[in-house]
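Asker: Per my numbering, the sequence shown starts with residue 1, numbered consecutively.
Hints were generated in silico from the structure; no laboratory data involved. Worth double-checking, as some hints may not be accurate.
[To be verified] Straight-line distance between alpha carbons at most 30 angstroms, and here's what the computed BS3-like set of lysine-lysine pairs gives:
hint: 1; residue 1: Lys-139; residue 2: Lys-107
hint: 2; residue 1: Lys-52; residue 2: Lys-162
hint: 3; residue 1: Lys-139; residue 2: Lys-65
hint: 4; residue 1: Lys-107; residue 2: Lys-162
hint: 5; residue 1: Lys-138; residue 2: Lys-162
hint: 6; residue 1: Lys-162; residue 2: Lys-190
hint: 7; residue 1: Lys-190; residue 2: Lys-65
hint: 8; residue 1: Lys-190; residue 2: Lys-52
hint: 9; residue 1: Lys-33; residue 2: Lys-190
hint: 10; residue 1: Lys-107; residue 2: Lys-65
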Amino acid sequence: MQTQQFLQETFHLPEGPLLQHICAISTSRHLQKGEILFREGEIPAQAAFLQKGILRGFFINKNGKEIIDCFCYRPGDPAIPSTPLDTPAQITLEALQESLVLCFPMKEILNLLETHMPLAQLHSQILQESMNRHLEIKKALYQYTAMQRYQWFLSEYAPIAKVVSGKYIASFLDMTPVTLSRLRKSLREKKDKGERPGSL
């Protein structure tokens, strides 16, 4: 998909000089499985948006353990590790499979946000949607049982539920891989018996 088509279909940017300029400063970056896009603690030189593939965002806790914070898999998902944009990355973003991201020089983006109101409004909308998504994640983690968290994941992350490694899903849902394996087994057994899994 061409950059202009992607931007118009994903972000509904109208044709005109602004769109042409955004296309001109953009670059598509191919990531191999396991390749790091941004690393925790580094100041990003670019802003990026997922075009295809799957990324995981994670940070390291005080015990040196990786904690999965998010998954990016929807076209247009912001692959942005910090807010404000030009501050040190709060998470590391890594490709879980071959992926493609659309990148923009950070200085150029910050300048455009200051000088073009439609782009500033789009940025605000993206931030709001991202915040809402993270609030939904927190609600699931703190209000649902382990089984309910897993069922929520199967519903909300259906396109990647069978692709992402169990250890990453378990980390994201704040449970051990053993617990996740047990939940999966329980759901399979209920399905084999023709029983309906419990609802959230």
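Asker: Could you work out which of the previously given hints the structure breaks and list their numbers from low to high?
Answerer: Those not satisfied are hints 1, 4, 7, 8, 9, 10.
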